[in-house]
Each structure stands twice: as C-alpha cells, then as structure tokens.
Amino acid sequence: MGINEALGEYSELFMLLAALTYLIAFGAFAWDMAASSRKLASVNRRAERLNNSTSGAAHPDSAADSVDETEPARAMVPAAGGTVSHERLTGPEDRVARVNTRSGGNRSDSVADESMSYTKERRTAARIGVAVSALAFTVHLTAVLTRAIAANRVPWGNMYEFATTGALVVAGVFLLALTRKDLRFLGTFVIALVLIMLTAATIGIPTPVGNLVPALQSYWLIIHVSVAVTASALFTLTFAMSVLQLLQTRREAALAEGRAPGMGFMRRIPAALSLENLAYRINAVAFVLWTFTLMAGAIWAEESWGRYWGWDTKEVWTFVIWVVFAGYLHARATRGWTGTRAAWLCIVGYLCIVFNFAIVNVYFSGLHSYSGI
Amino acid sequence: MRKSIHDQGTATGDSPGTGAPSRQDPGKLPPDSRSAEENGKPGTKADAPAAGTNDVMLPALGFTGTLRFVWRQLTSMRTALFLLLLLAVAAVPGSLFPQRPANPAVVTQYIEENPVTGPWLDRFQLFDVYSSVWFSAIYLLLFISLVGCVIPRTAQHAKAIRSKPPRTPRRLSRLPHYGAMAIPADNGIPAQQAAADAAAVLKRRGYRVDMRDADGPSFPSVGAERGFIKEVGNLLFHIALIGVLISFAVSGLFGYRGQKILVEGGTFINNLVSYDSFDPGTNFSKGTLDPFSIQLNDFDVTFERETQANYGQPIDFTAKVTTKTTPEAEPVKQVLEVNDPLSFNGTNVYLVGNGYAPVVTVRDGEGNIALSEPVVARVNDAAYTSTIVIKAPDAQPSQLSFVGLLLPTAMKAANGQTVAGDPDPLNPQLLLDSYSGDLGLDEGVPTSVYTLDTSELTQLNGRKLDTGGIVLQANETYELPDGKGSITFEGLKRYIGVDITYDPGKYGALIFSSLAVLGLMTTLFVGRRRVWVRAGTHEDGRTMVEYGFLARGEDYRLEGEEKTLRTLLEKKWLAENNPKDK
Ligand code: HEM
Numbered sequence: 002m003g004i005n006e007a008l009g010e011y012s013e014l015f016m017l018l019a020a021l022t023y024l025i026a027f028g029a030f031a032w033d034m035a036a037s038s039r040k041l042a043s044v045n046r047r048a049e050r051l052n053n054s055t056s057g058a059a060h061p062d063s064a065a066d067s068v069d070e071t072e073p074a075r076a077m078v079p080a081a082g083g084t085v086s087h088e089r090l091t092g093p094e095d096r097v098a099r100v101n102t103r104s105g106g107n108r109s110d111s112v113a114d115e116s117m118s119y120t121k122e123r124r125t126a127a128r129i130g131v132a133v134s135a136l137a138f139t140v141h142l143t144a145v146l147t148r149a150i151a152a153n154r155v156p157w158g159n160m161y162e163f164a165t166t167g168a169l170v171v172a173g174v175f176l177l178a179l180t181r182k183d184l185r186f187l188g189t190f191v192i193a194l195v196l197i198m199l200t201a202a203t204i205g206i207p208t209p210v211g212n213l214v215p216a217l218q219s220y221w222l223i224i225h226v227s228v229a230v231t232a233s234a235l236f237t238l239t240f241a242m243s244v245l246q247l248l249q250t251r252r253e254a255a256l257a258e259g260r261a262p263g264m265g266f267m268r269r270i271p272a273a274l275s276l277e278n279l280a281y282r283i284n285a286v287a288f289v290l291w292t293f294t295l296m297a298g299a300i301w302a303e304e305s306w307g308r309y310w311g312w313d314t315k316e317v318w319t320f321v322i323w324v325v326f327a328g329y330l331h332a333r334a335t336r337g338w339t340g341t342r343a344a345w346l347c348i349v350g351y352l353c354i355v356f357n358f359a360i361v362n363v364y365f366s367g368l369h370s371y372s373g374i
Numbered sequence: 003m004r005k006s007i008h009d010q011g012t013a014t015g016d017s018p019g020t021g022a023p024s025r026q027d028p029g030k031l032p033p034d035s036r037s038a039e040e041n042g043k044p045g046t047k048a049d050a051p052a053a054g055t056n057d058v059m060l061p062a063l064g065f066t067g068t069l070r071f072v073w074r075q076l077t078s079m080r081t082a083l084f085l086l087l088l089l090a091v092a093a094v095p096g097s098l099f100p101q102r103p104a105n106p107a108v109v110t111q112y113i114e115e116n117p118v119t120g121p122w123l124d125r126f127q128l129f130d131v132y133s134s135v136w137f138s139a140i141y142l143l144l145f146i147s148l149v150g151c152v153i154p155r156t157a158q159h160a161k162a163i164r165s166k167p168p169r170t171p172r173r174l175s176r177l178p179h180y181g182a183m184a185i186p187a188d189n190g191i192p193a194q195q196a197a198a199d200a201a202a203v204l205k206r207r208g209y210r211v212d213m214r215d216a217d218g219p220s221f222p223s224v225g226a227e228r229g230f231i232k233e234v235g236n237l238l239f240h241i242a243l244i245g246v247l248i249s250f251a252v253s254g255l256f257g258y259r260g261q262k263i264l265v266e267g268g269t270f271i272n273n274l275v276s277y278d279s280f281d282p283g284t285n286f287s288k289g290t291l292d293p294f295s296i297q298l299n300d301f302d303v304t305f306e307r308e309t310q311a312n313y314g315q316p317i318d319f320t321a322k323v324t325t326k327t328t329p330e331a332e333p334v335k336q337v338l339e340v341n342d343p344l345s346f347n348g349t350n351v352y353l354v355g356n357g358y359a360p361v362v363t364v365r366d367g368e369g370n371i372a373l374s375e376p377v378v379a380r381v382n383d384a385a386y387t388s389t390i391v392i393k394a395p396d397a398q399p400s401q402l403s404f405v406g407l408l409l410p411t412a413m414k415a416a417n418g419q420t421v422a423g424d425p426d427p428l429n430p431q432l433l434l435d436s437y438s439g440d441l442g443l444d445e446g447v448p449t450s451v452y453t454l455d456t457s458e459l460t461q462l463n464g465r466k467l468d469t470g471g472i473v474l475q476a477n478e479t480y481e482l483p484d485g486k487g488s489i490t491f492e493g494l495k496r497y498i499g500v501d502i503t504y505d506p507g508k509y510g511a512l513i514f515s516s517l518a519v520l521g522l523m524t525t526l527f528v529g530r531r532r533v534w535v536r537a538g539t540h541e542d543g544r545t546m547v548e549y550g551f552l553a554r555g556e557d558y559r560l561e562g563e564e565k566t567l568r569t570l571l572e573k574k575w576l577a578e579n580n581p582k583d584k
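Protein sequences appear in the order of chains A and B.
Each residue of the first sequence is one higher than the one before, counting from 2 in this note's numbering.
Each residue of the second sequence is one higher than the one before, counting from 3 in this note's numbering.
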C-alpha cells in the first residue's frame with residue numbers, strides 16, 4: 002500500500018546526518034560548560050581576594066551575582082523578610098515560600114538566573130550549540146517526515162520509529178522550551194539523550210519502512226502513541242533537571258559547610274530549588290499527558306482486545322510509571338519529601354520509562370509485541 | 003505535613019484573629035485541625051520528620067485514642083505516599099512472572115520447569131499478583147486512606163467556598179509578593195475610590211471580593227481570593243479514582259469473557275455450550291448471555307508483497323460475517339476486523355486471531371469414514387507453521403490419531419528440512435505421525451483438543467520409524483500401515499479466533515477516568531491565590547496603595563498576575579501623567 006523504499010533509504014541517510022549534527026551540537030554545549038566553568042573559577046578567585054580584603058561576611062554569590070536587578074519589589078520587603086525561616090513551612094506552602102525567596106538564604110553559588118530567563122551575557126559556544134541543535138532538528142524532522150511519507154502513515158509503528166520520533170520530540174520540546182526559558186544548561190544532557198536514542202535506533206534496531214500490522218491500524222495509534230512520546234520527552238527534560246538538582250544540592254550543602262563544592266561547571270546551572278520548581282511544572286504537564294496515555298491505551302485495548310485493562314506487561318509498566326509520578330506529585334506536598342527525595346522519584350520514574358521502552362518491548366512477551374525486531 | 007491546599011489556608015488566615023497571614027504564621031493552626039496534629043510541632047525544620055512527638059504521646063491515648071491515632075496515620079499524606087510507592091513496587095512482579103488470568107498454561111509449564119521455586123512462588127501468589135492478598139491489601143488500604151482523606155477535605159472546602167476572603171493583614175509587606183503605588187493628588191482619586199477600583203478590577207479578573215472599611219475614616223481595603231476550583235479539581239480527581247476502582251469491581255463481578263474459534267462456513271450462537279472457553283465474572287448469571295449468532299462466510303487475508311523487507315507480514319484481516327441479534331431476527335451482513343469489533347447489545351465480538359483448518363477425512367480399518375471435517379491447526383510463527391492434532395475416536399477397530407505440522411507453503415530449506423516459507427497457502431503440506439490406540443476420551447477426564455498424550459498409544463508412522471512420516475499434499479491420500487485405515491487431505495479453510503466479552507464496568511471506568519483527568523488538569527493548572535489591596539491618604543495628599551499576593555499551593559503564574567494587576571491599576575489611575583514613581 003504505497004511503500005516507497007527508495008525514499009525510506011533517504012530517510013535513513015537523513016537520520017544519520019541528524020545524529021552527526023547533534024554530535025556537533027553536543028560538543029558545543031559541552032564546550033560552553035567547560036569554558037564557563039573555567040571562566041567562572043577565575044572570576045571567583047578574583048572575587049574571593051576582594052572579599053577577603055573587605056569583609057568576611059560577604060554574601061556567597063554577591064561577587065558574581067548580576068541577577069535580581071529585575072526585582073523591584075525586593076527593595077521594599079523589610080529586611081526582616083529575608084531572615085524569615087521558611088524552613089518551617091512545609092507542603093505546598095513550603096514550596097511557595099521557597100519559590101518566592103529568590104536571594105535571601107540562597108546557599109547556591111550559582112550565577113544562573115534563578116527564573117531561568119535569558120541574561121545579557123554572551124555565551125558563544127552555547128549559541129552555537131542552540132543553532133546547530135536547531136539545524137540537526139531540521140534534518141531530523143526531514144528524516145522522520147520522509148519516513149512517514151515513504152511508509153504512507155504516522156512514523157511510529159515499530160521500535161525504530163518510536164525511538165527516532167521520540168528523539169525528535171525530545172529535541173523539539175527542548176528547542177521550544179528554549180524560546181521561553183534559558184535552559185541551555187540542559188543542552189549537554191538533553192542532546193546527549195537524543196544522541197543515545199538516535200544511535201540506539203539507527204545502529205541497534207534499524208528497521209526498513211513497512212506497512213502496519215492490522216493490530217496497529219487504528220486512529221488510537223496516532224493519539225495514544227503521540228501523547229506517550231510527548232510525555233516521555235517532557236520526562237526526559239525533568240530527568241535531566243532532577244539529576245542536576247541532586248548535584249546542585251550536594252554542592253550547596255558543601256558550600257553551606259564551607260567545603261569546596263567542586264564541579265565548577267555547575268555554577269552555570271540554576272540553584273537546586275529553581276531546578277526543582279521548573280521540573281515540577283513540566284512534570285505536572287507530563288503527568289497529565291501520561292494519565293491520558295494510560296486512558297487512551299485502555300480505550301484502545303478495549304477496542305482491540307475486548308478488555309480495557311488486562312495487566313499485560315506493557316500495561317503494568319505504564320501503570321507503575323504513572324504511580325511513581327503520582328508519588329512524585331504527592332512527595333512535593335509531603336513534609337520531608339520535597340527536594341532531594343522528590344528528585345529521586347522523578348529519576349526512578351524516568352528509569353521506569355526507559356525500562357518500559359527498551360527492556361519490556363524487547364525481552365518481555367505480551368500483547369504489545371510490535372517492536373518490529 | 004500539610005494535607006491540602008485548604009489546610010494551608012487555615013495556616014494563613016482562615017483562622018480568625020491570627021493577625022497577619024504571612025509566612026511567619028505557619029504554625030498557627032486551629033487546634034482541632036487534622037493538619038495541626040500531622041504537623042507535629044509547628045516550627046520544626048521542613049526536612050526533619052515530626053513523627054517523634056506523636057510516638058511519645060501514644061501510651062496515654064487509650065483505646066479510642068489509639069484508634070483515632072491509627073486512623074490519622076492511615077489517612078496522612080506520608081502514608082498515602084508510602085502506599086503509592088508500595089503499589090508501584092508490588093505491581094512489578096506481575097510483569098516478571100507469567101500470570102494465571104492471562105496465561106494459565108504458561109504458569110503450569112513454569113511450575114513444572116521450576117519444581118523447587120515454582121511452588122514457592124505460587125504460595126506467595128506470584129502467579130496471581132493482581133488478585134493476590136498482598137496486592138489487594140495495598141490498594142484497599144490506599145483507597146481507605148483516600149476516602150479518609152477526601153471526606154474531611156470536601157467538608158472543609160465546602161466551608162471555605164462559602165466563607166469570605168480572609169481579613170486584610172496588617173503588614174502586607176510581609177507577603178511574598180508585595181507592591182506599592184502612589185497616585186498623585188492631582189489625579190483626584192481618593193483612597194475610597196482607589197479601593198473600590200481595585201475591587202472592581204479584581205472582580206473582573208474572577209476574584210471573589212470583599213470590601214473592608216469602605217466608608218470608614220481609616221484605610222479602606224479589599225480582600226480577594228480566586229481559584230477555589232483548584233481544590234475542587236483535586237477532590238474530583240481523588241473521588242473519580244474511587245469511581246474507577248468501583249467500575250473495575252463491576253467489570254469483574256458481572257462481566258464475562260469467552261473464546262471461540264470459527265472456521266469458514268461455521269456459526270457461533272451465544273450460549274454456554276458454544277464456547278471453546280468461558281470465563282465468567284463472580285456474579286455472572288446465564289441470563290445475561292445475549293442470544294445473537296454469527297456465521298463466518300469468508301475470511302480475507304492480505305500479506306505484504308510489495309517490499310522485500312517486510313515480505314509476508316500481514317497487512318489486512320477482514321472477516322465477512324452474517325449476524326442475527328436473535329434466532330428469529332433478520333440476518334445482517336457485517337464486516338469484522340481487528341480494532342473494529344461487532345457489538346450486540348453491550349456484548350462485543352473481537353477478531354483476535356486466525357489460522358488454517360485443513361479439511362481431513364480419516365477412514366478406519368473397516369473402510370468407514372471416522373472423521374471428515376476441518377481441523378483447527380495452531381499457528382506458531384509468522385510463516386503460519388501450524389501444529390495440528392487430529393483425533394478420530396470413532397475409528398474401528400482401534401481409534402486413530404495424528405500429530406504433526408501444517409505448512410501453508412512447504413519449501414525445502416538448505417539443510418534439506420521442509421519448512422514453511424510463506425503464510426499464504428501456495429503449497430500446503432501436512433507432515434504427520436500417526437498412532438492407534440485408545441485416546442482415553444471416554445474416561446471423563448477433560449483433555450485439550452490441541453494436545454495428544456501418546457504414552458498409551460502405538461505409533462504407526464514417524465520419521466524415526468521404518469514407515470517414515472506422512473507427507474500429504476492437498477487432495478492426496480495416505481494409506482496407514484497394517485491396514486489400519488487412511489487419511490486424506492481434502493483442502494484448506496481459514497478460521498478466525500474471536501473473543502466475546504460483556505463488560506458492564508467499562509462505561510463507568512471511562513466516565514470516571516475522564517473526570518479524573520478533568521480534575522487533574524484543574525488542580526494542576528489553576529492557581530489559587532489571595533490578594534489584598536489597601537489604600538490610604540498620605541499627608542501630602544497623594545493616595546497610597548499597597549497590595550500583597552499570596553499563593554496557596556503551587557502557583558507559578560503569581561508573578562505574571564501581579565504584573566497584570568499592576569498594569570491594570572496603573573492604567574486606571576496614572577494614565578494621564580503616567581509618572582514613573584511607584
Ligand atoms: C489512589 C491513590 C492516589 C493517587 C493515584 C493520587 C494521585 C494524586 C495526584 C496525581 C496528585 C497531584 C494532583 C494535585 O496536586 O492535586 C495528588 C494530590 C494530592 N493527593 Fe493524592 N492520590 C492518591 C491518594 C491520596 C490519598 C490517600 C491522600 C490523602 C492522604 C491524597 C492526598 C492528596 C493531596 C492532599 C494532594 C494535593 C497535594 C498538593 O497540594 O499538591 N491522595 N494525588
């Protein structure tokens with residue numbers, strides 16, 4: 002039914018080109034990290050010398066802090082406001098207090114803008130990274146589109162296609178997010194994940210274009226899988242942010258105790274609390290999408306197999322992921338579970354997603370055996 | 003820990019007379035509030051567990067006190083979280099071990115292959131995870147916790163919705179989001195007017211507004227709140243989950259599910275004897291079987307032929323059927339496809355499998371026809387290599403049976419073996435071993451039609467015997483040794499496997515899960531916040547306005563809201579001379 006094999010081969014070529022371009026983008030982002038780490042270290046040393054000569058009790062981030070001029074209300078908050086112990090607050094309110102405290106009590110030495118908006122600072126390598134990522138995305142998009150045209154259907158009918166389209170969505174969501182927030186610090190991690198997905202797909206599970214088996218011929222394939230892929234892409238972002246959050250938390254603890262924090266590149270990255278809050282916002286959206294994935298899957302299963310829920314391996318893992326992220330959302334409202342533990346839940350949830358995709362698809366038998374391997 | 007958005011409310015101003023509802027008052031909770039107890043000692047550090055205080059008090063509680071304590075623990079946020087994570091972990095083994103409801107045969111085989119661990123796993127219900135005692139215990143506890151959580155919160159929120167926005171804090175500047183403006187005396191907006199304006203603006207933005215000291219001599223102020231629906235969404239979400247669980251139970255109690263294999267030309271009538279296998283719900287009654295019938299006229303299969311890469315992969319299965327809703331009804335021609343079930347009054351019929359049924363005729367030693375019908379062969383692989391068991395219990399003087407393979411397209415592989423090369427019937431071949439002897443069908447022990455226990459039988463043919471195996475092309479006949487009879491391969495028919503299900507719980511499941519998504523989106527994306535605006539007149543005649551924002555729950559749009567409100571007020575009051583001062 003209208004398979005164009007020649008076009009399919011072009012698609013595979015584009016896919017390789019995209020991977021190579023992403024590799025360059027990855028290099029640029031990594032360079033940005035390394036370079037700024039060195040630059041910041043020297044700024045820091047100078048600042049320290051200055052600090053030591055003036056006052057010992059200087060704010061840890063006062064030297065490098067160019068942020069917060071954009072905060073008019075801050076000046077009006079009585080000085081006492083800054084010393085309010087927001088540690089006493091818990092649960093959601095705790096979050097609010099923590100969100101709203103931008104500078105007071107900030108134990109981070111991060112130079113990043115806490116609201117993650119763009120600052121005036123020029124970061125050439127990061128700019129190159131974004132530009133090359135956009136180029137790679139375009140090539141990647143071409144690859145996926147030609148695949149879709151060659152197969153005459155949506156390009157997510159087997160594992161190769163899930164992986165390549167999934168990677169495209171990850172990159173797309175990242176680039177889209179970049180237009181609103183300065184998340185370039187995530188570039189190294191996100192582009193690395195995209196690269197891993199593309200490499201695994203093109204080298205590990207190359208699959209020539211083909212028609213869909215009857216079980217997949219349903220408009221639910223379009224709905225269910227596209228939403229699942231989008232949710233997974235968002236979870237990819239929050240996974241990266243949660244890992245960074247954990248690293249940043251360790252650094253902040255070290256700083257608070259006056260130890261050397263190490264990992265200089267982390268200064269480019271916002272404070273743990275900012276990471277946590279943005280990750281939460283993205284996770285909230287992703288969780289809704291995942292809930293919808295679960296529901297759409299159940300409706301499809303009802304239409305295809307006559308039962309909406311049968312504890313098939315794939316269903317089990319989709320459920321497990323859903324429950325883990327429900328736990329994450331709960332954790333954010335539970336005393337003692339915000340911050341680090343919530344981040345761990347987010348990471349565990351993402352690992353379950355990877356497991357569900359990579360291991361369950363390949364090694365577990367079930368009704369959902371469409372991996373095409 | 004805080005239970006809900008509402009509970010924070012009690013912390014920040016719902017409780018009368020606590021003064022400034024600022025972050026400095028987190029511990030001021032009414033003594034009867036559940037969250038107060040859960041909070042342990044107010045003022046403890048966020049990361050330090052507060053359970054200690056409760057433990058110390060335990061001995062003095064008495065019986066009802068202990069009960070109340072247990073209930074409180076069970077309905078606490080921490081327990082809910084713990085049970086949720088436990089549920090996630092408990093669900094995993096069900097994907098690692100074969101499960102009885104889905105695959106009873108595989109479970110039996112697993113236990114046979116693992117004689118030591120198998121029975122132990124079975125003892126811990128690891129082959130029935132989702133109906134096991136421990137899995138049920140976890141989710142039932144979770145849902146009890148949920149009920150215990152939702153009921154008081156619903157009551158609290160109902161009260162909150164009816165109450166006025168909390169009183170204006172004395173020191174607005176202590177709020178996390180605070181701002182101030184000054185209106186020049188020339189603009190002619192007295193304090194009263196400013197407060198009224200602010201109230202109007204807030205009202206238009208969907209806030210519930212309450213004016214204070216509107217006519218008084220001192221500082222008129224506005225208290226406003228919006229986003230009550232956030233907590234409504236949260237409650238809706240959690241209640242809907244209970245609905246989903248109940249729907250699950252309804253499915254399990256009143257539904258049924260059965261399988262039937264239907265060969266071309268065959269008819270299925272929906273009554274218990276027609277099923278190949280039947281799995282009723284706990285409360286199933288025969289009366290719920292809808293008396294429809296389906297005849298399979300024709301089954302069309304299309305395999306991929308265009309591309310080399312996926313050559314032979316199925317791309318279309320279409321069953322043409324004639325259906326009747328009752329024995330007396332008019333026959334209707336319908337099409338049954340994968341992903342497109344037939345529906346009869348709530349009972350659905352799904353196309354879930356297909357294969358070949360070779361028509362064979364077995365003649366016995368006396369020359370009589372012992373069997374002449376299509377025999378269903380079970381498909382093993384993508385080339386439709388199928389295993390077949392043929393039993394002829396009517397054969398005389400001894401019963402006859404055959405096991406072997408059906409190859410739709412028989413081809414010689416490189417190693418000389420005959421293999422199936424294509425799913426379409428281009429060169430169908432039956433490869434059989436034959437047996438004679440009592441099949442044991444009269445002993446009343448149920449045996450599967452797809453298996454043959456050869457231990458009590460005498461083998462007549464086989465690859466390892468001198469007689470060799472039986473190889474039959476279409477329309478060929480093979481004479482069995484010793485005049486035991488013959489077998490003829492008359493031709494091929496296709497069959498379909500259908501699942502017939504009746505599931506009265508699915509509608510509830512759909513409705514409640516939709517409600518859950520709705521509630522979820524509401525609670526996650528609506529911001530609940532309070533605003534206070536106070537106006538006053540400066541000695542120099544300017545009207546001073548200050549305002550404070552307080553988010554309740556996660557609300558990342560608060561900052562944007564603050565900016566919008568400020569812009570609106572500036573437009574209203576400062577439009578003409580637009581001074582830069584604040
Ligand atoms: C069936 C098990 C449960 C699931 C799947 C579940 C899921 C969720 C999800 C996804 C959220 C995030 C949405 C929101 O913030 O409103 C949430 C919030 C919440 N849940 Fe549950 N929940 C369950 C049981 C419980 C129980 C037993 C309690 C009470 C102890 C509870 C109390 C809460 C509260 C208070 C929130 C709001 C937290 C906040 O302000 O962010 N939940 N729940």
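Hints in this document: simulated from the structure, not taken from any laboratory.
It is possible that part of the hints are untrue.
Unchecked claim - Each pair of labels, with its calculated beta carbon distance range:
| # | chain 1 | residue 1 | chain 2 | residue 2 | range |
| --- | --- | --- | --- | --- | --- |
| 1 | B | Arg74 | A | Gly263 | 41 to 47 angstroms |
| 2 | A | Ser38 | B | Asn105 | 41 to 47 angstroms |
| 3 | A | Val363 | B | Asp444 | 44 to 50 angstroms |
| 4 | B | Asp542 | A | Gly263 | 53 to 59 angstroms |
To be verified - Below 20 angstroms or equal to it, Euclidean Cα-Cα: the simulated SDA-like pairs (lysine to any residue) are:
| # | chain 1 | residue 1 | chain 2 | residue 2 |
| --- | --- | --- | --- | --- |
| 5 | A | Lys40 | A | Ala126 |
| 6 | B | Lys335 | B | Phe346 |
| 7 | B | Lys565 | A | Tyr119 |
| 8 | B | Lys322 | A | Ala216 |
| 9 | A | Lys182 | B | Glu541 |
| 10 | B | Lys262 | A | Arg181 |
| 11 | B | Lys262 | B | Asp292 |
| 12 | B | Lys565 | A | Ser116 |
| 13 | B | Lys262 | A | Tyr119 |
| 14 | B | Lys322 | A | Gln218 |
| 15 | B | Lys322 | A | Glu304 |
| 16 | A | Lys182 | B | Lys322 |
| 17 | B | Lys262 | A | Ala297 |
| 18 | B | Lys466 | B | Pro483 |
| 19 | A | Lys182 | B | Tyr558 |
| 20 | A | Lys182 | B | Leu560 |
| 21 | B | Lys565 | A | Arg181 |
| 22 | A | Lys182 | B | Glu563 |
What the hints assert, rightly or not - Facing chain B, according to a computed beta carbon distance under 7 angstroms, are these residues of chain A, among others:
| # | residue |
| --- | --- |
| 23 | Leu177 |
| 24 | Leu179 |
| 25 | Val325 |
| 26 | Ala332 |
Predicted model, so just to flag it, every value in this text is computed and none were measured.
Yeah, the Cβ is synthetic: ideal placement off N, Cα and C, and Gly gets one too.
Hint check:
| no. | hint | result |
| --- | --- | --- |
| 1 | B:Arg74 - A:Gly263: 41 to 47 angstroms | 44 angstroms, holds |
| 2 | A:Ser38 - B:Asn105: 41 to 47 angstroms | 54 angstroms, violated |
| 3 | A:Val363 - B:Asp444: 44 to 50 angstroms | 47 angstroms, holds |
| 4 | B:Asp542 - A:Gly263: 53 to 59 angstroms | 56 angstroms, holds |
| 5 | A:Lys40 - A:Ala126 | 13 angstroms, holds |
| 6 | B:Lys335 - B:Phe346 | 14 angstroms, holds |
| 7 | B:Lys565 - A:Tyr119 | 19 angstroms, holds |
| 8 | B:Lys322 - A:Ala216 | 18 angstroms, holds |
| 9 | A:Lys182 - B:Glu541 | 44 angstroms, violated |
| 10 | B:Lys262 - A:Arg181 | 56 angstroms, violated |
| 11 | B:Lys262 - B:Asp292 | 15 angstroms, holds |
| 12 | B:Lys565 - A:Ser116 | 15 angstroms, holds |
| 13 | B:Lys262 - A:Tyr119 | 64 angstroms, violated |
| 14 | B:Lys322 - A:Gln218 | 18 angstroms, holds |
| 15 | B:Lys322 - A:Glu304 | 18 angstroms, holds |
| 16 | A:Lys182 - B:Lys322 | 56 angstroms, violated |
| 17 | B:Lys262 - A:Ala297 | 27 angstroms, violated |
| 18 | B:Lys466 - B:Pro483 | 15 angstroms, holds |
| 19 | A:Lys182 - B:Tyr558 | 14 angstroms, holds |
| 20 | A:Lys182 - B:Leu560 | 17 angstroms, holds |
| 21 | B:Lys565 - A:Arg181 | 18 angstroms, holds |
| 22 | A:Lys182 - B:Glu563 | 18 angstroms, holds |
| 23 | Leu177 | 17 angstroms, violated |
| 24 | Leu179 | 18 angstroms, violated |
| 25 | Val325 | 5 angstroms, holds |
| 26 | Ala332 | 6 angstroms, holds |
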